[in-house]
Amino acid sequence: MEFILVRLVGIEDHENILDDQGKITGMIAMFKYLPDRDLIIGDHIEGKTNYTLELERGTHRISLTPPDDFTPKEMKIVLKDTTAISPMEVRFEKI
Amino acid sequence: MKKYKPGWFLLLSLTISVFSFTGCARYLVNDPLENTSRTICHDFSLFDQTPDDDETFVILALSGGGTRAASLSYGVLKEMKNTPVPGSNKTLLNEVDIISTVSGGSFTGAYYALFGERIFWEFESRFLKRNIQKELALKVANPYNWIRLASPYFSRIDLAAELYDQTIFDSATFNTLAPKTKRPFLIINATNLYHGARFEFTGPQFWYLGSNLCSYPVSRAVAASSAFPFLLSPISLVNYPKPQGYEIPQRDRDALEDYWNNKRRYYAVYNNFIYAAPTAHKIHPYLHLMDGGLADNIGLRAIDDLYARGDIRAKINSGKIKRLLVIAVNAKTESRQNIDQKKSPPGLVTVGFKTATLSMDNYSFETVEMFKERLNQRIQHQRYLDDCQKLIDDHCRDKFQLSPLAGGHMKLYVAELTFDNIPEKPGDPDIKGRDYYSRLPTSFHLSDDQVDDLIKVGGWLLKNNPDFRKFIDQYHP
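Going down the list, the protein sequences come from chains A and B.
Be aware that the first sequence starts at 0, since it is given in numbering that gives the first Met the number 0, and climbs by one per residue.
Be aware that the second sequence starts at 0, since it is given in numbering that gives the first Met the number 0, and climbs by one per residue.
Keep in mind that the hints were calculated from the coordinates and are not lab data.
Among these hints, one or two may not hold up.
[What the hints assert, rightly or not] Partial list, computed: chain A residues near chain B (C-beta under 8 Å):
1) Met0
2) Glu53
3) Ile84
[To be verified] Listed below are the simulated BS3-like cross-link pairs for lysine-lysine, each with C-alpha atoms no more than 27 Å apart in a straight line:
4) A:Lys47 x B:Lys321
5) A:Lys79 x B:Lys371
6) A:Lys47 x B:Lys389
7) B:Lys389 x A:Lys31
8) B:Lys138 x B:Lys77
9) B:Lys410 x A:Lys79
10) A:Lys79 x B:Lys262
11) B:Lys319 x A:Lys79
[Claimed, not checked] To be clear about the criterion: a stretch of chain A counts as covered by chain B if any three or more of its residues have a C-beta under 8 Å from a C-beta of chain B, and this derived list gives those stretches:
12) 16-27
13) 58-65
Don't be surprised by glycine CBs; every beta carbon is placed ideally from N, CA and C.
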């Protein structure tokens, strides 16, 4: 069996990247993990975000249950070579 | 004008009626799906249960082995009925969620799934203590049935199914098992002769055939499951053209991409998909099913599939199961006979029988061990995570939390009940030594005393199984 960890992340804040003169050269988005949400694996509701799930090695389509406020709408992954301590991490972003 | 004698007329009309009658004798076919909007009949994922009902998840796998297996399984059910679940007013039998059956075990499993605790006052007289073999032979010997058997579409297995239907299963169909709250969920296993794969009588399996399981008699499923090669003929099913809007589940479509990633997952779907592909009803219009023991004589492969990729996996990942107990009732015997005491090599019949049964026994052993290893791996992963978290807590300032494993610290138990567990001198006056049980024949007729002995030893094997004892001792509501 293989292991997967699905997160739903939201942007909590932005932090500016400054150069030596204190000029803003970029921005880093600060993410936070949002509370547990039910997952859809294949066509079944199975498991929640923020938990490490045991799944068979191979191809899986992962999505989240409504509300439809996340992107991408679905992720197709090939799960292999994971352990319970280092699962494959998949992230959806909150829109 | 030529005159015909009345005798010739009689013979001619008799011949015509015989031929028209044999043309009429046909096996009962499965019904096609009417449309794709209806819910699948007899589908475990559709069973409505309160979350509490899944906390203790009990599975029974009942092996093949004729009346010997049916009696042993029945003895186990009796003991489960007498075993209270600690801290509740339920018995362990009330907690059974799934029964997966093969051959002889299918009679016991199907009877309990259909009629519940009626089994305890009916089953012995309705099945276990009957001479089913003799009754089948009498049916075959009946001239009325000779005519029917002359049809290419009617064979001995259809007579057996009729006998089971009328005298054991009260003409029940899978519709009786369909109500969404009626557990245990029954999985009767047979073998598809085309590719040798396991075939289960469930709604999702019939979906691949474009067929509705609801109207199909349970007796025919049991007959297929117990159609021992050579003695009985196969049960046949029709693979239908699929109605508009028909699709196979997304999970299966994903598995079909996994030939190189996971062949076990790929073939579990592919063996069914060949019947569901768009032109499959033309390429594979029929299926012929025989004894489930040819694919898996212990009934655990169905459970392994549900655990690896099916509804048990979904329940574990959703954190619904706290403790999982699998009781595998294996009625295999020590079929060594006296082969190694004779100078001359065994004859054709012995070799034929050995060829049919040796692989079943070896494969059953491997199936149980493989399943145990699978569950042990889960326990190990839980332990790795705990140990790793402890190291982080002890040595890192930043108290990083590893993500918890879905299902948490689920407890898993596999209790295999086999005659090998019995000592040669058990020290219990009701229980005979191992050799006695190991030499009982595989047939549909045992003496009343033999049946009684098997019922007693079924209970004894459960009570004295260390994994089962562990389950009871560790049970904290």
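Contradicted hints - numbers only: Violated hints: 8 and 12; rest satisfied.
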